[in-house]
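Q: Full structure from sequences and hints, please.
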Amino acid sequence: DAGITQSPRHKVTETGTPVTLRCHQTENHRYMYWYRQDPGHGLRLIHYSYGVKDTDKGEVSDGYSVSRSKTEDFLLTLESATSSQTSVYFCASGLAGESGANVLTFGAGSRLTVL
Amino acid sequence: GNSVTQMEGPVTLSEEAFLTINCTYTATGYPSLFWYVQYPGEGLQLLLKATKADDKGSNKGFEATYRKETTSFHLEKGSVQVSDSAVYFCALRYDAGGTSYGKLTFGQGTILTVHP
Numbered sequence: 001d002a003g004i005t006q007s008p009r010h011k012v013t014e015t016g017t018p019v020t021l022r023c024h025q026t027e028n029h030r031y032m033y034w035y036r037q038d039p040g041h042g043l044r045l046i047h048y049s050y051g052v053k054d055t056d057k058g059e060v061s062d063g064y065s066v067s068r069s070k071t072e073d074f075l076l077t078l079e080s081a082t083s084s085q086t087s088v089y090f091c092a093s094g095l096a097g098e099s100g101a102n103v104l105t106f107g108a109g110s111r112l113t114v115l
Numbered sequence: 116g117n118s119v120t121q122m123e124g125p126v127t128l129s130e131e132a133f134l135t136i137n138c139t140y141t142a143t144g145y146p147s148l149f150w151y152v153q154y155p156g157e158g159l160q161l162l163l164k165a166t167k168a169d170d171k172g173s174n175k176g177f178e179a180t181y182r183k184e185t186t187s188f189h190l191e192k193g194s195v196q197v198s199d200s201a202v203y204f205c206a207l208r209y210d211a212g213g214t215s216y217g218k219l220t221f222g223q224g225t226i227l228t229v230h231p
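Residue numbers (the numbering used here), protein chains in the order written: chain A, 1 to 115; chain B, 116 to 231.
Rather than coming from a laboratory, the hints here were simulated on the basis of the structure.
Heads up, a few of these hints could be off.
Computed from the model, here is a short list of chain B residues facing chain A with C-beta under 10 angstroms [to be verified]:
id	residue
1	Q121
2	F133
3	L134
4	F149
5	Y151
6	Q153
7	G156
8	L159
9	Q160
10	Y216
11	G217
12	K218
13	L219
14	F221
C-beta: ideal position from N, C-alpha, C; glycine also.
A: Okay, here's the thing in C-alpha cells:
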C-alpha cells in the first residue's frame, strides 16, 4: 500500500461550494503539509501540521483551513471555493528530525477544478 | 525571505545528451538543498539532497553540488535517457536555530523532455 494517499484524486465543483480534500498516511510521520501546484509557481505551502491538533499557516493560506485530529489524517478545507483555487493539491509528510521533518514523502495529488 | 530560482524551461534534449538545470537560492543562514522529480501523473519524489556547503548529492546518475559562494545547486547528468523526461524542482529547507518544521520552499520547476 502507498505510504500516503489523497482523496479525491479529481474533483470538479462550482464556485461557492465547500470542498474537503483528505490526506492519509501510514508512516506515522509527525509532520504533514498541504501544497498547491500552479504553472510558473512551483509548489507553494498552504498549511502544515507539526502534530495532532497543531497546525500553522503557510505562504498561501487565505481561503483554506486544515484539521488534524489523528496522526494519520490531514484535511484541507475550502470553505467557499473560488476559481482561483483551481489547482493541483499535494499532501506531504515527514519524520521529525533535528530541524523538523527530513525528507518529505508526497501523495499523488488531487486535481481540483472550480467552475 | 527565502526563495529558489530555476532556469526557465522547457528543456528539450536528445538521448545521451548532457543535462544542466540551474538553480540558485536566497536564504539567510545555511539551508539544506534538494532536487525533487515529478513524473507524469505522479507526486514528487526526492532525487538528491545536500545539507551543507560543498556537499555533493547524487542519485541515478544525477549530481548537484552545494555551492555556498555562488548560492547555487545546479543539477547535472552526463547522459540523459528518455525515461528522465519529467519536471524537476529545486527546493530549500531553511534550518534556523530553532526548528523549520521541515517546510520546503520550491522553485517553479523545469520541464525536461528527452527524445530518442
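Q: Next step is simple, just say for each hint if it's right about the structure.
A: Here is how each hint holds up against the structure:
| no. | hint | result |
| --- | --- | --- |
| 1 | Q121 | holds, 8 angstroms |
| 2 | F133 | violated, 24 angstroms |
| 3 | L134 | violated, 19 angstroms |
| 4 | F149 | holds, 8 angstroms |
| 5 | Y151 | holds, 8 angstroms |
| 6 | Q153 | holds, 8 angstroms |
| 7 | G156 | holds, 8 angstroms |
| 8 | L159 | holds, 4 angstroms |
| 9 | Q160 | holds, 7 angstroms |
| 10 | Y216 | holds, 4 angstroms |
| 11 | G217 | holds, 3 angstroms |
| 12 | K218 | holds, 6 angstroms |
| 13 | L219 | holds, 7 angstroms |
| 14 | F221 | holds, 4 angstroms |
Of the numbered hints stated above, those contradicted by the structure are hints 2 and 3, listed in ascending order.
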